[in-house]
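4 protein chains.
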Amino acid sequence: MYTLANPGAGQKSVELMRALVYHGPGKKSVDEHAMPKISSPSDAIVKMVKTTICGTDLHILKGDVATCEPGRILGHEGIGIVHEVGSAVAAFKTGDRVLVSCISACGTCEYCRRGIYSHCTTGGWILGNEIDGTQAEYVRTPHADTSLYKIPAGVDAEALVMLSDIFPTSFECGVLNGKVQPGNTVAIVGSGPIGLAALLTAQFYSPARIIMIDSDANRLAVAKKLGATDTIDNTDGKAAEKLMKLTDGRGVDTAIEAVGVPATFVLCEDIVAPGGMIANIGVHGEKVDLHLERLWSQNIAITTRLVDTAATPMLLRTVVSGKVDPKQLITHHFTFEHIMDAYETFGNAARTKALKVIIEF
Amino acid sequence: MYTLANPGAGQKSVELMRALVYHGPGKKSVDEHAMPKISSPSDAIVKMVKTTICGTDLHILKGDVATCEPGRILGHEGIGIVHEVGSAVAAFKTGDRVLVSCISACGTCEYCRRGIYSHCTTGGWILGNEIDGTQAEYVRTPHADTSLYKIPAGVDAEALVMLSDIFPTSFECGVLNGKVQPGNTVAIVGSGPIGLAALLTAQFYSPARIIMIDSDANRLAVAKKLGATDTIDNTDGKAAEKLMKLTDGRGVDTAIEAVGVPATFVLCEDIVAPGGMIANIGVHGEKVDLHLERLWSQNIAITTRLVDTAATPMLLRTVVSGKVDPKQLITHHFTFEHIMDAYETFGNAARTKALKVIIEF
Amino acid sequence: MYTLANPGAGQKSVELMRALVYHGPGKKSVDEHAMPKISSPSDAIVKMVKTTICGTDLHILKGDVATCEPGRILGHEGIGIVHEVGSAVAAFKTGDRVLVSCISACGTCEYCRRGIYSHCTTGGWILGNEIDGTQAEYVRTPHADTSLYKIPAGVDAEALVMLSDIFPTSFECGVLNGKVQPGNTVAIVGSGPIGLAALLTAQFYSPARIIMIDSDANRLAVAKKLGATDTIDNTDGKAAEKLMKLTDGRGVDTAIEAVGVPATFVLCEDIVAPGGMIANIGVHGEKVDLHLERLWSQNIAITTRLVDTAATPMLLRTVVSGKVDPKQLITHHFTFEHIMDAYETFGNAARTKALKVIIEF
Amino acid sequence: MYTLANPGAGQKSVELMRALVYHGPGKKSVDEHAMPKISSPSDAIVKMVKTTICGTDLHILKGDVATCEPGRILGHEGIGIVHEVGSAVAAFKTGDRVLVSCISACGTCEYCRRGIYSHCTTGGWILGNEIDGTQAEYVRTPHADTSLYKIPAGVDAEALVMLSDIFPTSFECGVLNGKVQPGNTVAIVGSGPIGLAALLTAQFYSPARIIMIDSDANRLAVAKKLGATDTIDNTDGKAAEKLMKLTDGRGVDTAIEAVGVPATFVLCEDIVAPGGMIANIGVHGEKVDLHLERLWSQNIAITTRLVDTAATPMLLRTVVSGKVDPKQLITHHFTFEHIMDAYETFGNAARTKALKVIIEF
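Those protein sequence lines, which keep their order, are chains F, V, U and W. With the first sequence counted from 1, adding 3 to any position gets you the numbering used here. With the second sequence counted from 1, adding 3 to any position gets you the numbering used here. With the third sequence counted from 1, adding 3 to any position gets you the numbering used here. With the fourth sequence counted from 1, adding 3 to any position gets you the numbering used here.
Heads up, some of the hints might be wrong.
Copies of the same chain are indistinguishable here, so a pair counts whether it falls within one copy or spans any two.
Claimed, not checked - Pairs of lysine-lysine, DSBU-like flavour, derived with a Cα cap of 30 angstroms:
{"hint": "1", "residue 1": "356", "residue 2": "96"}
{"hint": "2", "residue 1": "228", "residue 2": "326"}
{"hint": "3", "residue 1": "153", "residue 2": "245"}
{"hint": "4", "residue 1": "241", "residue 2": "228"}
{"hint": "5", "residue 1": "248", "residue 2": "290"}
{"hint": "6", "residue 1": "182", "residue 2": "248"}
{"hint": "7", "residue 1": "53", "residue 2": "65"}
{"hint": "8", "residue 1": "356", "residue 2": "30"}
{"hint": "9", "residue 1": "228", "residue 2": "330"}
{"hint": "10", "residue 1": "153", "residue 2": "248"}
{"hint": "11", "residue 1": "227", "residue 2": "53"}
{"hint": "12", "residue 1": "50", "residue 2": "30"}
{"hint": "13", "residue 1": "248", "residue 2": "96"}
{"hint": "14", "residue 1": "65", "residue 2": "356"}
{"hint": "15", "residue 1": "248", "residue 2": "326"}
{"hint": "16", "residue 1": "248", "residue 2": "227"}
{"hint": "17", "residue 1": "330", "residue 2": "53"}
{"hint": "18", "residue 1": "241", "residue 2": "356"}
{"hint": "19", "residue 1": "182", "residue 2": "96"}
{"hint": "20", "residue 1": "356", "residue 2": "245"}
{"hint": "21", "residue 1": "30", "residue 2": "241"}
I should point out that these hints are in silico values taken from the structure, not numbers from a laboratory.
With the sequences and hints as input, model every part of the structure.
In structure tokens form, the structure reads like this:
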């Protein structure tokens, strides 16, 4: 934060900060931008310490997210320090070290009362989408009491950047919705950051097998290191066939879709056992074929979910107690000065082998 | 049952009975057929008293059910009297009045132990499909201990014919899977016998609204009489629009699909509220479009299920205690002599206004 | 509300109202009391329209509730009109007709996020206990957004007084915790207002039998009228024996304790079937014997719960849709001038046959 | 098995075997005993390979188990080889290597259909109790299809002796009923074999903390080795106080009772947090005090359960996949010739440090 030097006559002094701003499809830049201000009693202003880039930011930059308009500061993840709080904020005060949730939740509307924070009538996924986000020196976080989390003492704060979005997303949409159980067989289709976070958090429930499916040999190798019992290279498109062989023709109890294209969803349909679950995490851009002519009698369930971050407190406890180490997904570090490089690296993951990149202020 | 008169030289005396036999697409006849015999210690032979015709029987007659081969006696519903039991049958004896479940379940395989009787490795829906069925004077019922139910004293037995298939199907696949709850809003797409049975059993959970959708004015009128709070005539294909108006743009907590064609499934996708359920009952012959480009973020679940009849004991208690009267779905009665007429009547429901037809032996 | 006439020199004008104030064990009076004021941005001030008396108020007056100190305005139930709101209240504005919940919930603490509003770290049951309550012309309601409910148009508002406490208490602690299911057998021990509210809301789930147990013939007669399938008079202390006879020695799937003394809890232990539930609603003043020497192997669950009012939105919908009529529990009406008579009537229920009494401002 | 040499005139040849027989309180001996025979079509005869001794066997020997009469062969655990099967046994044949479940379940009665195998109307815990058990060269196992489990290839069979009783008991009654969840805090009261099996299987769900409480320093040291995050020595009776300090006054989400005396159950009452679970595993010989005067408002649940062994297939998969190693509980080995020594060792566990002892035929 800094004050515009030498404001012209009649100009008010304006506090400025640096921010990564979306300027329409294909266009982004680091700009000087006005500082955010408290606009509701339940707001907080957080000084960002570390942030990251999400696959969704890339979607926005392609112009795929209609709700995000040019001029928007991107980013919905990160950790920081509370800079200022509104009069109704009870749980936080200036100086608190906090995790910023990607979901803003009022805690009181019909959906919030049901734990469906993602559909909060005055919140949901708005950060870096409908309001300015976290890829900036400061961010305004609405509904601060239900949308920030104190960083526990003694924990490696950088790891918690993974708890803004990717870990709750993979855990809630994939693992919880997929009802992963001890002794069960799980397939995760897609071994990118989201699939790998599902792999890590699925292990909370001790399934007998976790079979990772992808076409990128490097990512499958990472998956093996992070706990996959089996990997299937789908370069030849024969993953379903291979998986059925691996499972003696039985299929899987839980198929987690972590890509977001029709072919990977249909693959889940092909490998789910009777009585099983298909848990979709992927952000889909088009409809998919649902083969009800076969599945109507298979006693399966298919779930979709925008992350609610309702599980964030639970995830925090698993990190603090060492049950999982989210830092395993972090491959690159940049300072904010080099955020354009960070985008370049993250956006070319096949080549750079990037999973999650950290951007430090 | 009767014995073939004057068997030729060298012929054994053969006990015969009358049965409705499938002879390939479009062909059926009432034939003289050999009596069934106990072939496993857990079998029972049941003398049928009343049976009925299911929409699935019509599917078989169209040639749509590959597992059902010509020569098969049709039917998987009905009540009867135990005629003979195998040496391992513990719960039933000759003379017991019983309900025949459409699902045969061993009770011991992996699927049965999980309550997924429909996928019993030596059972499931086999009656009138892979083995001879109930549209005959006698039927062999495998796994009798887990597949027959004693008819309680004092209950109108005819009503229980509805508990062989249609009531557990609508209740398990529609109401239970759809998680109908007190105060919730439910839509049932399809007001045929299956949809109406869902309407009746959904009321066990006191939803605030049950909105029936169909294009047949008579069936909607029946629905209104049986407890629908609202009906929507979809003749103009604008059911989704009308429903959203009825619910102030909110949609429904539970959408039950009770038809089995792509358009009605997509209608369910169009009307389900965030956090809601789509419970499929319909038997589908082709794939459907799943609009994940919109639904991926809607926190919904879609379920499919072949009826398990796991809820049959619960349903029996609701009938005995007068919580529901399944006879409301019975519109016509025939003697077995006129079973071809029964098929004619049931197969032309739009004209005859038939819901379920009873065939008495 | 009115202003103190002729304040002495140097006195500020003080706004006063009438209120029922607790003055220590056995003592209460209608006093002039200072008007409540907004003290936190999330507070509202509600002008009361109707309130009622709870059994817990009688407990306080006996000196049994240590948290309630002399000088406290009693009452935690009622309907009113929003008079003023704090700056952070988003869901309500002056003039809104509202239901006041007996539980104040911040919506954001660990317990509130889990739906355990009763243990809200800055709320819970505080109204008419740790802070002034609703038996007054005005009341301050903390955490207004999560603790008030708009009164829907077209509904009889008086009925909703039952939704402040007694209905959610009986439904959540008794019916939901007791897992009442279609076709099941339920016993409710205690046919006072709480037991009767459990009887009414248990019917949302269509149990086959609801057996009410009490020693008051009048209350059992009311129970019969409100839907009990069986009643047992326990004047002779032989209720367990009678119930086992009624259920052919099987016992009940759900036993709801709605009295709060050792004998009635042990009765629940005596009648619960293997696999069954004991759901405690009663406020207990002493320990009870838990017969684990018999129950350890019976696969039962025992639940306790201070009402969370998490189910209040659901209950509102059941009332609006006519699934239940809470007014059936209202036996007497008083104006606030006669609140001492109201206490007299409610406190002598065996003689007056009072269930719930309404007090109107 | 062997034939009685030189039967006297008129005597039939009798096949005999060795067995550990209960002869009334305090009395047991290794006797020659007639071989078991198939008595129902669903029976199997299993030649035992390894068995073990359960705390319940010691209870029987004290005369505490009324259903077990003098003359009974003890034992309800072990692995063996199928020797003979009844005509209705479908899943097993002579020569199959099997695990014998402590619970016999018909799979078809009301309780079995609900997964409550422990209350099977013709089974339950009958082995070594109401019928002869597994501490013999041969045992008859009723309802073989639902009560035996094939030993998977490649698994160390001895480990599976722990899956007859102690693992499903601790897992079902303690871990599943206790709803152990990722990130939660669990206390296990009692660090004997049952408590330690609960400790091992609780880790399937990745709780943040598992606090073991006992008065035996050796057993606490074992607990630490097997995964306890904290141990509390309760020799001074101050475990509750210590635990509350360890948890910053919060208490535990799940308290598992694995002893079976009043003091340890009350300890669970003292340490459970609001919203928490008390899961009883202990076999209790007397009633306990339930402090409802405090707990009525704490939103807790208390569960009891006789093991159903419904989770045995799941547990088998966790062992096969290496998620848990049950052999960690085996401390001693004996041949059947020395079974009296095995009892001596197991019965003096404080001195011998015995957990589970294996007896080999």
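Violations among the numbered hints: Hints 1, 19, 21 are the ones this structure does not satisfy, whereas the remaining hints hold.
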